[in-house]
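Student: Note that the protein sequences, when read in sequence, are chains Z and V.
In terms of the numbering used here, the first sequence has 4 at position 4, counting the first letter as 1, and numbering is strictly consecutive.
In terms of the numbering used here, the second sequence has 77 at position 77, counting the first letter as 1, and numbering is strictly consecutive.
Incorrect hints may have been included.
Simulated restraints, written as ranges between beta carbons of each label pair [what the hints assert, rightly or not]:
{"hint": "1", "chain 1": "V", "residue 1": "A85", "chain 2": "Z", "residue 2": "H85", "range": "49 to 57 Å"}
{"hint": "2", "chain 1": "V", "residue 1": "R37", "chain 2": "Z", "residue 2": "D54", "range": "48 to 56 Å"}
{"hint": "3", "chain 1": "Z", "residue 1": "R24", "chain 2": "V", "residue 2": "R26", "range": "35 to 43 Å"}
{"hint": "4", "chain 1": "Z", "residue 1": "G73", "chain 2": "V", "residue 2": "F80", "range": "23 to 31 Å"}
Reference excerpt, derived from the structure (chain Z facing chain V, CB under 10 Å, subset only) [unchecked claim]:
{"hint": "5", "residue": "D27"}
{"hint": "6", "residue": "L76"}
{"hint": "7", "residue": "F81"}
{"hint": "8", "residue": "P87"}
{"hint": "9", "residue": "Q89"}
{"hint": "10", "residue": "I93"}
{"hint": "11", "residue": "T115"}
{"hint": "12", "residue": "I117"}
{"hint": "13", "residue": "L119"}
{"hint": "14", "residue": "A125"}
{"hint": "15", "residue": "A129"}
{"hint": "16", "residue": "R130"}
If you are wondering where the hints come from, they were derived from the structure by calculation, not from laboratory data.
Just so it is clear, the structure is predicted and the values come from calculations on it, not from any experiment.
Backbone N, C-alpha and C define an ideal beta-carbon position, used for all residues, glycine too.
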Amino acid sequence: MTGGVVRSPLRTAGETWVEEPLTRFIDDSRVRLTLLLESSGRVLAQHGFTRSIDVMSACALAAAIHASAAEIGRQLDGTPFTSLHHPGQERQIFLADLSTPRGAHILLTVFDDATSIGLVRLYFAELAARLATAAPVQSATVTAPSLTDFESDLNRNLAKLFGRI
Amino acid sequence: MSTSRNGRGQAKTPYAEILAVLVRQRGVLGSFVVSERDGIAVDSNAQIGVHAEAVAALAASLHRKARLACGAAGCGDVTFLRLDAERGGICAAGRDDLVLVTISETRANIGLLRVEMMRAAKALT
């Protein structure tokens, strides 16, 4: 049931291994917006966004919120907080990290009363397991992106997400 | 063997006794108080092996959709929901945002369970 809303397709930045698990998560959980990114803020896939500027902002904010929450968790509890849920009046945000053989990733999702946080958490756990299985093993030669590469990577991924290349 | 959890896994909630009464019924594998809006178990009493979080989230969603369907059909509020399956079933009775859910085997006496659940649902606040 889509509540009369036409669901936009999932778009990936060339990372085909995330397609099937993410599509299934979106279909099962009935979330409105989804963003999968690396912990650095580099976007891998998006669903529901219509403007690249929104994706760019959401990625930066999600990475910052996740880093802040993780550090608060370390300070308070000795271990980082791994997920965050913020319920609004009409829409809610769920932000959580995923560990795959390709490294740490962050999932940001926005949903409304078509689903619930219980269902989103349930299908998120399934997504995490599927992504961990689907991820190709990280090559030993791959290193963290440099600051100069980061901006060009970000722009290239955004262009791929919105079909400009 | 069963476990009782309330999210913190420690202090008893006001629902612990209600859930214990339901779990004592023949063939009942678990009982939960679930927030319909959030799909999160407020309290649960379930046998080891019952995936409480998944059942709570899915049953709350089911109850919500049944409530909306009954409203759209002009039937009024849902009072009791029963779902039969090959090896058992799920029953739900709601009050405001809270839903009482039980998982049972086929040998359970559903009539008796329904009476107990309707009585218990009245005590949910």
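Student: Broken hints, numbered, in rising order?
Tutor: Violated: hints 1, 2, 4, 5, 6, 7, 9, 10, 15, 16.
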